[in-house]
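**Q** When you get a sec, could you build the whole thing from the sequences and use the hints?
Residue numbers (the numbering used here), protein chains in the order written: chain A, 6 to 494; chain B, 224 to 392; chain C, -12 to 98.
Just so you know, the hints here were simulated from the structure itself, not pulled from any lab data.
C-beta: ideal position from N, C-alpha, C; glycine also.
Check before you lean on any hint, since a few could be wrong.
[What the hints assert, rightly or not] The calculated lysine to any residue pairs, modelled on SDA-like cross-linking and capped at a C-alpha distance of 20 Å, are:
no.: 1; chain 1: C; residue 1: Lys83; chain 2: B; residue 2: Phe294
no.: 2; chain 1: B; residue 1: Lys272; chain 2: A; residue 2: Gly194
no.: 3; chain 1: B; residue 1: Lys388; chain 2: C; residue 2: Arg85
[Claimed, not checked] Stretches of chain C that chain B covers, calculated by requiring three or more beta carbons in the stretch to come under 8 Å of a beta carbon on chain B:
no.: 4; stretch: -4 to 9
no.: 5; stretch: 21 to 29
no.: 6; stretch: 36 to 50
no.: 7; stretch: 55 to 61
no.: 8; stretch: 67 to 77
[To be verified] Ranges between beta-carbon positions, derived for each pair:
no.: 9; chain 1: B; residue 1: Ser249; chain 2: A; residue 2: Gly214; range: 40 to 50 Å
no.: 10; chain 1: A; residue 1: Ala28; chain 2: B; residue 2: Lys389; range: 28 to 38 Å
no.: 11; chain 1: A; residue 1: Met218; chain 2: B; residue 2: Ser249; range: 33 to 43 Å
no.: 12; chain 1: B; residue 1: Arg390; chain 2: A; residue 2: Leu206; range: 52 to 62 Å
no.: 13; chain 1: A; residue 1: Gly214; chain 2: B; residue 2: Lys389; range: 54 to 64 Å
The chain contents come next:
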Amino acid sequence: MPTSFIPTAADLLRLSPDIVLTAGGALMMVIEPLTGAARKARMAAIAVLLIAAAMALSVMAYSDPGTSFSGMLVVDGFSTFFRILVYGCGLLTVLMSVDYFKRERGSESGEYYALIVFSLVGQSLMASANELVLLFIGLEISSIAGYIMAGYLRDDKRNNESALKYFLLGSFATAFMLYGVAWIYGLTGSTNLDTVRRAILGGAMEQSGQMLMIATALMFVGFAFKISAAPFHVWAPDVYQGAPAPVAAFLSAGAKAAAFAMLVRVAASAFFPLSAKWEMLLWATALATMIVGNFAALRQSNIKRMLAYSSVAHAGYILVAVTAHSEVGIAAVMFYLASYVLMTIGVFAVVTLVASKGERFVEIDDFSGLVQRQPMLAIALTIFLFSLIGIPLTGGFFAKFYVFKAALDSNLTWLTILGLLNSAAAAFYYLRVLVVMYMKPAAEGAGPVDPAGIGIKAAIVASAVGTLYLGVYPSAVLDFAGKAAQLVK
Amino acid sequence: MLDTMFFYMFALLAVAGAILTITMRSAVHCAISLIASLAGVAGLYLLQKAEFLFAVQLVLYIGGIMVLFLFVIMLVNLDSAAKERQFHRRWAGGAVAAVLAGASALWLLSKGAPSFGSPVAQAAPSPDGNVEQLADLLFRQYLVPFELASLLLLVAIVGSVLMAKKRTS
Amino acid sequence: MPPELTQLLPASVPLSWYLVLSAILFSLGIAGFLFRRNIITVFMSIELMLNAVNLTFVAFSYHLKQVDGHIFSFFVMVVAAAEAAVGLAIILTVFKNRATLEIDEVSSMKL
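**A** As structure tokens, then:
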């Protein structure tokens, strides 16, 4: 329906976080040449302010939920939740990166922070898009910024390889997704999620059911790449291992959360009538992802690669909740992603500190004796590892609890049992790090861990506090997630 | 009748260009074949009365993207690559996958073909031309994606300059 | 004219022919991606896939008598241009550091 050129005030309010971030990012690009080489941390400060403003504006926009811009953008509990989540992830990444660049001298530049800000715009759009066009643009903004950030240190061969693999496989996945969208457009006549759902309910199933399933399968292939589900997970270990540690945190936490938000919204909104047909496929994908992630992680000696496979396994747990295709499942997905983002950022922050300049110390054995070298860091890492395992009193425990509860509510008993077994098996590789930290004496060759700057300390403390908060008092976040899970009105 | 002849011509150009792109040895030859394939697809757009896309395909895709490809190929100077092996050792797997994908797509299309209804003889004539219609949609309904596409291009510019600029150290 | 030939030369081109053509182009793109070794050619196969997608959009748009498909096609082209710029910059950086563009050589991180 054609609307007037000029957006209404309500429309602008709903888009305001993205507008602020875009304008701010562009301003950062303008100011960047004016800051001296030693003062790039100022750009980080500007980024922090922008992201905080965007978070505040998202909360304000939530006071007036609805769709805007002729049904393209939707602001509801689901999108606000994910907006706050990705903005928080971006904030913590900026804080982490300031410290990272203190060691990698000469390569810091304002563009890095501007890219994070732009990537956040893309991710926030992925969470709040109601139209496949906007979803696609948001996905590409986030992905392209991610490709660059993954290869940020141009002289480091690992970064180059990471960026190349991420780019090639990411573009391949996008092409699949687009082909699926093209077929959906042809079969339903629109790319608006609500219109697609109405068309499917209205009779497109009877007319061209097979092609519709093929189209959703193609889209699912694209989404599966982005969430690193098996068998489309092969890019994740190489990309997360090769990218700089703060970027790996950002991609592994924020980009994955946004990709899940995208998947859940499209599945629950547009393909809701088809959900029963897809249960088998999602079931198999969730199981395969958990198994592949956990059993490959057991064999790793490089901590970043191990964390990459562990993030694949966590994507599997979240897929269990997606398979449940119920409101409880959606709420479980949201809660899991909140706790997952916090613990992932925390773990990668500790890895950034221990890895030191040039990321020399990234083997698990380099963590030996951490409790003697840096006791506070060891305690923080213990909290994060407990949360990843799923030990009570941490957010990870309740996250897994709600996921499996949602699965049981939807009669996915076998998947729950296998998921719990996987979770138990996963404890081994996390415990290995704990053992090395506490039991082994510090190796002679390991240098002293550099003192942590205030930014990364704040990031670690915030993540640890958040993880414990979600573990002790999950109901606040969970209730909000439950209310927000009402996507299909 | 004439439509069909043109369709065959452009389709042949597109498919032949595509096959050559994925099989030729030298990267420059691949790029030229891809240009031919893109030109075929542009012709197909014109046949379906998508005049704007026809022009954009020629100017942007061929005149912009493929020229960029050719620049990079020249910069990278792949003479030595032309003499080396150019297909994976395990190409059989890829070939099987691609053939399966294509065959299943064709089979499914044949199953679903009746549901697409009768062929469109002539699009309903509308007072506006193709560009006017596009402009109307683009600036009213699709305003937000349009503006954000400019953000996407900004990110691409920032990123590619960051990646490829001369090292000053 | 023999009946088979009239089948092949209808008065106007049916939609399914365009869809078959784009499926063929898409599969050729997948094949190129999966089994070429040169990184630039691999990327060219992705461009082929995106073209197949665009053709599908335009074909459906013509069939549905709407212009929305053209808009989506337009956005896909914009994204393809952005990805080309970034991707080629990454490829250039890889080449500067390794002096080779073989996909197997660039894979140093193994399972």
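**Q** Of the hints stated earlier, which fail here?
**A** Failing hints: none at all.
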